[in-house]
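Chains V and G supply the protein sequences, listed in that same order. Quick note on this note's numbering: the first sequence kicks off at 2 and runs consecutively. Quick note on this note's numbering: the second sequence kicks off at -18 and runs consecutively.
Among the hints, a few may not be true.
[What the hints assert, rightly or not] Some chain V residues near chain G, calculated using beta-carbon distances under 7 Å: (1) Phe47; (2) Arg117; (3) Glu119; (4) Arg123; (5) Phe269; (6) Ser271; (7) Gly287; (8) Tyr288; (9) Asn289; (10) Phe296.
[Claimed, not checked] Below, simulated DSS-like cross-link-like pairs (lysine-lysine); rule was C-alpha separation at most 30 Å, straight line: (11) V:Lys407 - V:Lys268; (12) G:Lys69 - V:Lys268; (13) V:Lys399 - G:Lys69; (14) V:Lys268 - G:Lys215; (15) G:Lys33 - V:Lys268; (16) G:Lys69 - G:Lys89.
[Said to hold, decoys possible] Partial list, derived from the structure: chain G residues whose beta carbon lies under 10 Å from chain V: (17) Gly32; (18) Ile58; (19) Gly64; (20) Phe73; (21) Ala80; (22) Ser83; (23) Arg90; (24) Val95; (25) Ile97; (26) Ala206; (27) Gly208.
Just so you know, these hints were derived from the structure itself, not from any lab. From a predicted model like this one, the values you see are computed outputs, not experimental measurements. C-beta: ideal position from N, C-alpha, C; glycine also.
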Amino acid sequence: MTLINRPPVAATAPILAQGTQTPPPRRGFLRENPSIPWFLGLLTIFTLIVSVLSEGLGIGALSTSMVKILGMTLCLCLIAIAMDVVWGYCGILSLGHFAFFGLGGYAIGMWLMYARTEIVIRESLTGAVLPPTEAELSEAVAAQIFGVVGSSELPLIWSFAHSLPAQLALVVLVPGLLALVFGWLAFRSRVTGVYLSILTQAMTLALALYLFQNDTGLRGNNGLSGLQNIPGLFDIPQAVLAVWFLWASALALGLGYLLFAWIVSGKFGSVIRAIRDNEARVRFLGYNVEGYKLFVFTLTAIISAIAGALYYPQAGIINPAELAPIASIYLAVWVAIGGRGRLYGAVIGAATVSLLSSWLTGGGAPNIEIGAFRLMWADWWLVFLGLGFVAVTLFFPKGIGGLFDKIVRKAP
Amino acid sequence: MTLLEVRDVSVSFDGFRAINNLSLSIGEPELRAVIGPNGAGKTTFMDIVTGKTRPDSGQVLWGERQIDLLRLSESQIARAGIGRKFQKPTVFEDQSVRANLSMAVRNKRGPFAVLIWRATAQDHQRITELAHEIGLTERLDDRAGDLSHGQKQWLEIGMLLAQDPRLLLVDEPAAGMTPSEREHTTDLLKRAAQTRAVMVIEHDMEFIRRLDCRVTVLHEGSVLAEGSLDHVTKNQQVIDVYLGR
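From just these sequences and the hints, can you work out the full model?
Structure representation (structure tokens):
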């Protein structure tokens, strides 16, 4: 529709002070977001220190498994900031973002497994009288991968598993498309609040149950394994690979932080926070709320999938249990504890809780004897996490990140 | 010229007829006051025009091309040029006055356009002018939540003007304002009505008298009387249902 342009009302008003009005000084993106240089600086220092202490490239003070845990933690921080943008900024409490994380892991895992198996079989057949045909090779790979679920045929969804570029594209496309379709259906029906959370839980549960089946082509509850062996890089020791993956994870986290900080700092950030606070009002301002939600939901799903694609080669194995509904709930707990509505809060929450969790449940912490009672951390950790969550919600609604406000305000 | 035409619109909630064969139209430019006792359907009428409520029957036609507003979503209706001010001030308290105005200023509204949007000198100029108009120049970078009730009202009026709508629907603009602020509001609305259509819902008779415009009286979801304030206040039916109480 064409609208007639007429002078705005204010222009007809007698504005006496017009000559003295100055536009606000334009400040740079980094000046407006002081957390960015801080965050990127600390991330770089952290990565350098871990590299220097690593077994693979440095003095060996940190074991390779520790380096992997730290690299994986960076990936968890990346999905946590994605969760913060979708929940803390846009107000969509998605309890299904770990599904996208898992799908990213499966997509890269298929290539890792296929390509590795293919190389191994090719090597074992080098001594044969006749060189194997491509069809024979493919059959042998299939038998090797799917023997565990009693099949020897390559399922259709493995059609591109031989190609790294194709599987990398699928890392983004499959979760992106799922989020787009799911989000479109949910948002256009104006499903909001707790009902949307329940729907996202249903989505991730359905996906996990589907993947648990043996005949879905992803090896059922066995999942994909041996992902730490990178095809073509067999000669490089795991200790070195672990550091490389740490770097890749740090780079992804840094770029993800920059991307999200840029998105939430401008007018787009204003609009999505407005949607979080009063979406009906945003509609009356002429914004298509559903379009914005869909954009944020899909983009964060894609970033979650990228985080997953970097996480699982470090973890070495992915199975459908990773997509269980509880994983996505933990994600929300991390963000709430760290402080939602601020990106570094999500990072603090994810890093603190996941590292504490692996330390306490991995037997790292000594059990405590209290009289006749023996406190086993592995059993009691979740209880403490739950109590911690309740305490944060009641007493520190801004989370750990909220403490920074107090520090910054006290500074002159 | 008729800008908005509402024809035979009815809507009921759980058997209660909130709007009953309501027909009403407003031209451009025009200033119109809508009065009526509680439950007369004033707010429901605004809900229908802005797309929040779908009527059971009737038509709502808009503009030169007689577009059927009932087919459009809330955001499309807002983009077509209908702005609304709510009775209770609803500004985004968590954000600065500037951010609130910036969101309302007429610009492209799509997610991708907004993502790459950066304020131009023109946008700054517009925001400064609006802030001056609503008396919030000094508070531009303060949180909207820290404003007083009256200032929030002003901010919302500013956001409405920023949208540069062809039709302004204003629900009780003077609620919670001081007498001098009321005067300023009347001026503002009258000035806006020189170039566009403005429809004001109000209870305060003094305020309406100062607007000095055509008045529509709603009762039980339809139009009871229409004309100058003096004309409708002399109408016996109006006195019975509304003024007599």
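Cross-check of the supplied hints:
no., hint, verdict
1, Phe47, "violated (30 Å)"
2, Arg117, "violated (40 Å)"
3, Glu119, "violated (41 Å)"
4, Arg123, "violated (46 Å)"
5, Phe269, "holds (5 Å)"
6, Ser271, "holds (5 Å)"
7, Gly287, "holds (4 Å)"
8, Tyr288, "holds (5 Å)"
9, Asn289, "holds (5 Å)"
10, Phe296, "holds (4 Å)"
11, V:Lys407 - V:Lys268, "holds (26 Å)"
12, G:Lys69 - V:Lys268, "holds (25 Å)"
13, V:Lys399 - G:Lys69, "holds (28 Å)"
14, V:Lys268 - G:Lys215, "violated (51 Å)"
15, G:Lys33 - V:Lys268, "holds (25 Å)"
16, G:Lys69 - G:Lys89, "holds (27 Å)"
17, Gly32, "holds (8 Å)"
18, Ile58, "holds (8 Å)"
19, Gly64, "holds (8 Å)"
20, Phe73, "holds (5 Å)"
21, Ala80, "holds (5 Å)"
22, Ser83, "holds (6 Å)"
23, Arg90, "holds (5 Å)"
24, Val95, "holds (5 Å)"
25, Ile97, "holds (9 Å)"
26, Ala206, "violated (29 Å)"
27, Gly208, "violated (27 Å)"
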